[in-house]
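Colleague: Chains as they are written, first to last, in our numbering: chain A, 1 to 125; chain B, 1 to 125.
Incorrect hints may appear among the rest.
Repeated chains share a single entry, so a pair holds when one copy, or any two copies, can fit it.
[Unchecked claim] DMTMM-like mimics (lysine to aspartate or glutamate), calculated; alpha carbons at most 25 Å apart, straight line: (1) 67 - 11; (2) 67 - 19; (3) 67 - 123; (4) 67 - 18; (5) 84 - 5; (6) 67 - 111; (7) 13 - 87; (8) 67 - 31; (9) 67 - 97.
Read the hints as simulated data drawn from the structure, not as lab findings.
If you want the building blocks of each chain, they are given just below.
Number of protein chains: 2
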Amino acid sequence: MAAPEIVVRLDEKFAAFDDLWTPKIVGQINDMHLKAVKAQGEFVWHVHDNTDEFFLVRSGSLTIQMKGRPDAVLGPNEFFVVPKGVEHRPVAENECEILLLEPAGLVNTGDATRGDMTASNDDWI
Amino acid sequence: MAAPEIVVRLDEKFAAFDDLWTPKIVGQINDMHLKAVKAQGEFVWHVHDNTDEFFLVRSGSLTIQMKGRPDAVLGPNEFFVVPKGVEHRPVAENECEILLLEPAGLVNTGDATRGDMTASNDDWI
Chain A
1 MAAPEIVVRL DEKFAAFDDL WTPKIVGQIN DMHLKAVKAQ GEFVWHVHDN TDEFFLVRSG
61 SLTIQMKGRP DAVLGPNEFF VVPKGVEHRP VAENECEILL LEPAGLVNTG DATRGDMTAS
121 NDDWI
Chain B
1 MAAPEIVVRL DEKFAAFDDL WTPKIVGQIN DMHLKAVKAQ GEFVWHVHDN TDEFFLVRSG
61 SLTIQMKGRP DAVLGPNEFF VVPKGVEHRP VAENECEILL LEPAGLVNTG DATRGDMTAS
121 NDDWI
């Protein structure tokens with residue numbers, strides 16, 4: 001699906017789904033997808049060898065655990081970029097809303113693919 | 001300057017400057033820069049031939065005029081992607097706060113370079 005040339009209202013996008021850990025594409029900038037995600041609980045440890053991954057919290061709080069590094073703890077209007085090659089696991093005690101930016105086609109579970117947490121990478125909303 | 005591996009608080013970044021139409025880099029994802037901008041008044045008509053440009057309004061309202069297309073009018077938490085090759089001019093009646101996403105090194109005035117509105121493209125905050 002091509003990127004729609006419309007004004008995108010994030011409030012409407014986040015109101016339109018409830019499922020957790022299933023990124024929905026809301027926009028495309030060159031070869032990057034901007035994705036809306038709701039998260040609660042623990043994701044799986046994984047790594048993206050070839051790309052950084054951008055996490056911006058919209059509401060709630062998200063902790064990004066990383067191997068060999070201190071946790072990144074994000075509140076609303078705070079972001080963190082997980083460098084490529086860094087194994088990480090997002091964790092949220094309570095439900096939070098996140099914007100992700102990553103290359104189109106990226107699999108959410110990285111190297112830990114085909115598990116229960118692996119979601120579609122082409123799901124526009 | 002390399003991208004800092006820290007949690008970035010957008011509220012702090014936007015509180016740290018007042019100048020208009022001068023994008024400040026706040027983060028890097030692969031070869032893309034995320035930039036904080038404050039805007040009021042009319043920018044210059046310009047085009048980026050080789051890249052899309054992402055505008056997300058944080059506060060206030062921004063109108064993106066485009067040649068041959070209807071205006072995109074953005075309020076808080078709304079975004080628009082100006083496709084590459086589309087001549088455009090951002091206009092804001094009152095001061096607004098914007099996040100931009102675009103390739104590192106992009107000149108803000110595109111083809112209309114070296115005018116009064118041309119800002120540094122390597123200004124981290």
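Colleague: So, for every hint listed, does it hold in this structure?
Modeller: Structure-based check of each hint:
no.	hint	result
1	67 - 11	neither (33 Å within a copy, 28 Å between copies)
2	67 - 19	neither (27 Å within a copy, 39 Å between copies)
3	67 - 123	neither (29 Å within a copy, 31 Å between copies)
4	67 - 18	neither (30 Å within a copy, 38 Å between copies)
5	84 - 5	between (30 Å within a copy, 12 Å between copies)
6	67 - 111	within (15 Å within a copy, 44 Å between copies)
7	13 - 87	neither (29 Å within a copy, 28 Å between copies)
8	67 - 31	between (28 Å within a copy, 24 Å between copies)
9	67 - 97	within (24 Å within a copy, 35 Å between copies)
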